[in-house]
Each structure stands twice: as C-alpha cells, then as structure tokens.
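Given the structure of chain X, go ahead and fit chain H onto it with the hints provided.
Residue strings, one per chain:
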Amino acid sequence: MFRYFVRRLLQMVLTFFGATFIVYALMFANQDDPLQALAGERPLPENQRQALTELYHLNEPFIVQYGYYMQGLLTGDFGRSLTGRQIGDMMADAWPVTIKLALMAIVIGATFAVTTGVISGIRRGGPFDTSTLVFTLVLLALPIVVLAPLAQLIFGIKFQWFPATAGRDATFFQLLLPAIVLGSLVVATELRVTRASVAENLRSDYVRTARAKGLSRRRVIGVHVLRNSLIPVVTLIGVDLGGLMSGAIVTEGVFNIPGVGFNLFRGIRTEDGPLVVGFVSILTIVFLVSNLIVDLLYAALDPRIRYE
Amino acid sequence: MSDPSVITSSEAPNTDVPTDPGGPLKTDKPRSLAGDAWRDLRRNWIFWAASVLVLIILLMAIWPTLFTSADPRSCALSRQYDGPSGSAYFGYNFQGCDTFARTIHGARASIQIAVVATLLSGLIALVIGMSSGYFGRWVDAILSRFIDVVLGIPFLLAAIVLAKRLSADPQNNGVWAVTVTLGVLGWTTAARIMRSSVISAKNQDYVAAARMLGAGPGRLMLRHILPNSAAPFVVVLTILLGINIASEATLSFLGVGLKGNAISWGISIAEASPYVRTAAAPLVWPSVFLAVTVLAFIMLGDAIRDAFDPKLR
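First to last, the protein sequences are chains X and H. Numbering follows full-length UniProt numbering, with no gaps: position 159 of the first sequence is 159. Numbering follows full-length UniProt numbering, with no gaps: position 108 of the second sequence is 108.
Hint data in this document are derived by calculation from the structure and do not stem from the laboratory. Heads up, the beta-carbon is just placed ideally off N, CA and C, and yes, glycines get one too. Heads up, some of the hints might be wrong.
Stated by the list, open to error - For the chain H half of the interface with chain X, some residues (derived, Cβ under 10 Å), not all of them:
hint: 1; residue: Val149
hint: 2; residue: Ile243
hint: 3; residue: Ile298
The shape of chain X in the complex, shown without the other chains:
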C-alpha cells in the first residue's frame, strides 16, 4: 500500500508538470505581442514597454518563463486578471458556491444512480431495467450545452417550478435545478456501473452462502451486495470530477451562478488570457489531487486489488 502510494504520488507529480507545461506552452508560447494586446489600441511608449517586459519576464527564454509561472503556482500567486484583480482572490470568492453546487450535484446524482442501479440490477431484464437503460442512453446523449438551457427553459421559465437563475449568495433552492442538471451528467455511467456490478455480485458465491445461512433478502442485498457493488462507483466519482468541472462552466454560465465556472466562462468571453490560464491551472491541480485521493480510497476500500 505504501509503495503504491509513493508510486501514485510520483506519477501525479509527473502529470502535474506535464499538464501545466502543456497549458502554459499553449497559452503563452509564440505570442505575437502580448504587451500590445494588454495595452489595447493605445500606442505603448518604449520605456513602459521595457518596464512591462521586465515585469513579465518576456525577455527570458521560454523555459525560464515557465519556471516563474510554476513558482507562482506553487507559492499561491496566480497572477492578475486583465481587470486587475488578483486571480487568487477571485478564486477564493468563487469557490464556496461552486463547491456547494458540486457537492449537491454529486449527492443528487449518486443517490439517484445507486438507488435506480440497484433496483434495475436486481430486476435485470424486466420493464424497469429496460426503461432505465433507455433513460441512461438519452442522458448520455444530452450534452450539457443542451441540457442546461433546456432545463432552464422548461423548469425555470415555462413551469416556473424552480428559479431560472441564481445570483450571488444563492440559496439551496436556487441551486437545486443547476445541481440536478450537473448531477445528471454523472448519473448515466454511475447507474450502469452499479447495475452491472449488482447483477454480477448477485450471482457470486458469497451471496449464495449468505442466503444459505438464512439471511433475509434485505440484508443480503443491503449489506453484502451493495457494499461490494459500490467499490467501482467510488472510482467513477473521481473520473466524473473532470466532467463535473467542465459541466460547471456551462451550467454556471447558463444559470448565472458566480462560481469558478462562471468566472472562467466570462474570462473566455472577455478574452482575459491570464484569468483563463490561472483558473485552468488551479482546476487542473484540483482535478489531479482529487483523482489521487479517489485512487487511494479505492485501494483502501478493496483489499482484493493488489498494487505491485
């Protein structure tokens, strides 16, 4: 376990440098004249140009620039957006609402997926199972760009069951519709995996033994089967975090929730390069760390899995 932890950590460090390097290289390498872009249409005096070149290390070779960028990332200095705000501050402002939204989405999605998945795994081949399969297929086919505006239109504007937008200091109820939209991103895969592993585990020897011991059906399914079936679902949550992140960009943009995704959405629209890179870098780190945690959790949960 310890060796696996170390190996996984080393792999994450490698991925971290690879990913940030790619992001940085894509964004800043071979720019024509970033200073002129910063100044807009005004002419840039020579002395100001020199000062800015010094400030942003533009006369250094690319790899040194990347070094400065990494130094900033590791010391918590993410730079400034074009509007002059510290990206770290914007991030701190935006995090709470995004975390709230993501947690709600994960809880709603996982609860629904596991419950439905267990039922359709038990009644495999029945009408309930068939209709869930069709339902997951439809969910898989609905990209978030379709789902978010349509959900807003149908449930927020036409039926008015939910508030159509959520502003700053959004309440639980205002976040409910966006959270359902975001959560439905993960429902399809989680449901299918739960269903498949429940159906598989129901045929296993330990279930037969448990039944032979005279345990009630409720206990066999609720304790023996469910516990073993949830292991693959846990890993999926880690994989889903990437999907949730990209989903949050669109969902927060559509529902006007001032979270991380909304800031990124606006940054793209207003061509705010430093903001986009800063946010993308931070989100990449979050993604890598949470994936590491989920992988370790998986290893701890399932002792059958051997890591050399």
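Frame of chain X; chain H shown alone:
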C-alpha cells in the same frame, strides 16, 4: 462521413470471410466472433434505428439543400421571431434568420469537425497504442506515462486553452482550430484500448506462426494483429464521434469554437440561449438535432460493442 462506412466495411469482410466457406456447405462449423456479432446486430432494433438516423444526418451534412431551399444566411430583422410558417417550419430567430434552414445547415460543420477530429484521434491512438502494445518494454513505459499525462488534463479545460490559442487569428472561422483541438485531445481512451487489445493479440498462436514464417514487425502489426484487435477500437471511435459532436457544440457555446459567419448547432444554441425568455424555438430545435445526433452515434457504438462482447451472451 466516412466513419459509419468504416464500421460497415470493417464488419462486412469479417462476416463474409468466415461464413463464405461455411455458408454454401451448410455445415455446423463454429462461427467466428464477428459472425456472431453480425447475427446479433441484425436482430437488434437499436442498431437499425441508429443506422437510419446516422444515414439521415450524413445526408443532411452532405446535401443540406435536399431538406431546405431557404438560405440560412439571408436574415432580415423585420422577420425577427416570426412564428413557424409553411416556408420556415421552425420560425425565425433573433436576427430574423430561418431557424429550420440554420439547423439543417448546421449539421455540416458539426459532422465535418467530428469526423475529421475522430479520424485524427484514431490515427494518433493507432500509432501510439499499437507501438506501445507491440514493442512493450521502455517504449510502452514512456508511451503509457504520456497517455497518463494527457489523460490527467481535464478535457474541456485543455480544449478551451488549445482552441483559443489556435483560433487567435480573427480571420478564420475556427473550423480547423476546433478539429485539431478535439483530435489532439481525444485519443487517449482509444489508445489504451488499442494497446490492451494488441497486447492480448500479439501472444496468439497465429502471430507466432506468422513470425516464424518470417514476417517483419510491420507486416505482423498491420496484417495479423490489427484486424484482430480492430473491433473494440472501432466501437470506441464511433462513440468518440458522438462525443466530438457534443464537444464542438460546447466549445462553440463557450465562445472558443466556431465563430464569424460559421453555422453550427453549438453557435445556434449559444445565440438563442440569452433570449430564451422571448423565443424558445431557436434554442429548442438545434438542441434536439444535436441530442438526436449524439444519441444515434452512441447507440450505434453501444449496439456494436454489445454484439462484440461475449460476456453479455
């Protein structure tokens, strides 16, 4: 355009070859996996429904004027939000353009980008997955770590940065930028699948036999290993095609995808979404077409995978 034909053509020889000697003789010869899969597929209504949908969508992309004679770019503000009529089935949008015409013509950009990006991804995945699986050892170690690194980057975030970078020039409409972005970022799953199926195929007896007959690595890979590890790969690419259509729409929606005077479903959704309180039709129709297209490709891939997966029998 060519992807579904890739599937059918790669299936056709697989099914014809094993049944040909057995067919006329009517012996109880054991069928091959591909033959079994094709028998399953033929009886699967989902497969047929998805194929028909895919054909219609392809036709729409290749020949949009077959469905509508209206010009999607002739817009007049005097017609803003006019309701559906005999000439414009879905009404007019904010700019007074024909929503039906824009939806039909939107198929081309989406399909073209998705197909080319999928082929690009497939090529990268083929080269990387195959060399990683076939050569093993240090080649595999390096390439696998490389796949891990690319897989470690959240897809949409990388796509935003890459597409934004590639389409920095305001002159182009972003078609190539989006295609390259999706192609370069989407190959990881396919490469992993290729790698694992090559690893399991290269230890088979027929590969050893071919090697003993003096076949070189190139011939072994292309003539012996590739045909026998292609099925799961093609399935992943079919599903990737659907995902790419959705990703193009997402990028266009976010404003880093297609732009200028390009017509695509993602752009239509992005344009209509702020005004959804005033008029819903310009948002609803492109969304429906997009969702149905993605659904068709995912269903097709799903049906083929189920047919090829012996565990489900």
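Would you settle whether the hint for Val149 (chain H) is holds or violated, based on the nearest Cβ-Cβ distance to chain X being less than 10 Å? With a minimum Cβ separation of about 4 Å from chain X (threshold 10 Å), the hint on Val149 (chain H) holds.
Measuring from the C-beta of Ile298 (chain H) to each C-beta in chain X, is the shortest one below 10 Å? holds (6 Å)
Min Cβ distance, Ile243 (chain H) to chain X: is it shorter than 10 Å? holds (9 Å)
The structure agrees with every numbered hint stated previously.
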